[in-house]
Amino acid sequence: MLKILKYSFYDLMRSRWSYVYFLFYLLLGVVLLFLNNDLSKAVITLMNVIIILVPLIGTIFGVMYYYNSREFTELLLAQPVKRSSIFLGQYFGVATSLSMSLVIGLGMPFVFYGIFNSNAIWDFSLLLVTGAFLTFIFTALAFVIALSNENKIKGFGYAILLWLFMAVIYDGIFLMSLLYFEDYPLDNFSLIATMLNPVDLSRVLILLKLDISALLGYTGAVFQKFFGTNFGLLLSSAMLIVWVVVPTFFIWRIAKRKDF
Amino acid sequence: MIEVKDLYKKFGKNEVLKGIDLNIERGGIFSVLGPNGSGKTTLIKCILGMVLPDSGNISINGKALKNNYKYRNEIDYLPQIANFPGNLKVSELIAMIKDLRDSKATKDQELIELFKLQPFLNKKLANLSGGTKQKVNLVLTFMFDSPLIILDEPTSGLDPISHLRLKNLIFSEREKGKTILVTSHILSFVEEIADEIVFLLEGKIYFKGSIPDLKAKTEQPDFEHAIASILSSSYA
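Chains A and B supply the protein sequences, listed in that same order.
Once you know that position 186 of the first sequence is 186 in this note's numbering, the rest is easy, because the numbers rise by one and skip nothing.
Once you know that position 28 of the second sequence is 1028 in this note's numbering, the rest is easy, because the numbers rise by one and skip nothing.
One chain only, chain A, in its complex shape (with noise of 0.2 Å):
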């Protein structure tokens, strides 16, 4: 697996896309840090573009890299090279990339900022770890779309739909469920709907550790309540991983079955 792993990094460093988003991230991390001046409130703003960002950016990648690979994939199936080897190879190559490109844009105007004296070292680390979660969380869904859709423009219309839900829509329909049964406990099932978007459960998850009450909002006041700052920051941790790990179950047994 490291070796497809290593090629498919290869492919996509020499790719002008990743320059692109390693270069947005850091105008991004430059324009907000020495414009701004306060390093909480750049914090803050780069968790609202991650969040959206991140996700939308490993979907897209994710499928496009898939179908633009197929001639590979179906060179590399006829080599004594496991199935199984070869998607989460790529996989990974992919999602390693998408975050190395996050961590590193983001991370240079950090570092020349002089967040290494500074108390949000721990903040904006768990920002990008967070980031590169989300990265590996939806390039592994999108692999998952394109491994089980052989048309691309079936696939790439499931993932943009996919990201669209749990970025937007999921929030809308949580808000409105909450308005709706506002005369019933909604603790629990406020707890739960949380959990099952990756991406509330990164906000929750880098509010909770920012400490900033006035922005938590409903979820995640109930999350401090429920668990404590620190017992909500490993379950939300936990979750992300379990966000990780199922999809790329998923992309091991679809591809075992699939007929190339």
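Check before you lean on any hint, since a few could be wrong.
Estimated spans, in silico, between C-beta atoms of each pair [to be verified]:
(1) F1011/B with S15/A: 52 to 62 Å
(2) S1172/B with G157/A: 48 to 58 Å
(3) E1110/B with S148/A: 42 to 52 Å
(4) S15/A with K1204/B: 54 to 64 Å
(5) R253/A with K1204/B: 54 to 64 Å
(6) G157/A with D1195/B: 25 to 35 Å
(7) R70/A with G1028/B: 42 to 52 Å
(8) Y1008/B with S148/A: 22 to 32 Å
(9) D1102/B with S148/A: 56 to 66 Å
(10) R253/A with N1061/B: 24 to 34 Å
(11) G1056/B with L161/A: 30 to 40 Å
Bear in mind the hints are in silico, worked out from the structure with no lab data behind them.
Here a beta-carbon is modelled for each residue, glycine too, at the ideal position from N, C-alpha and C.
Take the given structure of chain A and dock chain B to it, following the hints.
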């Protein structure tokens, strides 16, 4: 060498293979023939493990294929359509496949020489013509020394000289006692090289034997007419 037992495969409602039983012994050139859509490529992909059969067994050298991938070390496969990752250079692609197979003893230099590919080594695969891609494809296939070689339409896009070189290459591999499985629609090519033919018709094996046997069976004087008579009697 290859043993196929009672192989069934359908894609959706389309039944492609309907009970294939095939036994291919070690050594010699076997040609798989059949009209379009008769299941040639599906059969080959089943042998390679790219298509998973619905039922039936395949074993190579007595080892069953299920949940096994190492056996592909003993197969060199030439795919029908030469599609490669476009942003790689020819030399990088060759190095990569070598790396993936962990194989040191290769004869890629010799083959690059044979097909006159030196001027293309530093070009990207996306910029090569169809015939040149096919030559790269041939180099990738023949550079390993595996006992079983599977060629799916090896002549497509080749110029006459390369065609001749390919034929000589196939003969020299046979001399080494290898088993070679070829599919082709070019009957003169098949007639020249094949020791035995396997004729697939509607997902079943219609005929397996040598070319003289086929001529005798169909009572036709030459190979082309023999094939035509099978096809016309099946379509009638």
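Each hint tested on the structure:
no.: 1; hint: F1011/B with S15/A: 52 to 62 Å; in the structure: violated (33 Å)
no.: 2; hint: S1172/B with G157/A: 48 to 58 Å; in the structure: holds (51 Å)
no.: 3; hint: E1110/B with S148/A: 42 to 52 Å; in the structure: holds (43 Å)
no.: 4; hint: S15/A with K1204/B: 54 to 64 Å; in the structure: violated (46 Å)
no.: 5; hint: R253/A with K1204/B: 54 to 64 Å; in the structure: violated (32 Å)
no.: 6; hint: G157/A with D1195/B: 25 to 35 Å; in the structure: violated (51 Å)
no.: 7; hint: R70/A with G1028/B: 42 to 52 Å; in the structure: violated (34 Å)
no.: 8; hint: Y1008/B with S148/A: 22 to 32 Å; in the structure: holds (23 Å)
no.: 9; hint: D1102/B with S148/A: 56 to 66 Å; in the structure: violated (32 Å)
no.: 10; hint: R253/A with N1061/B: 24 to 34 Å; in the structure: holds (29 Å)
no.: 11; hint: G1056/B with L161/A: 30 to 40 Å; in the structure: holds (39 Å)
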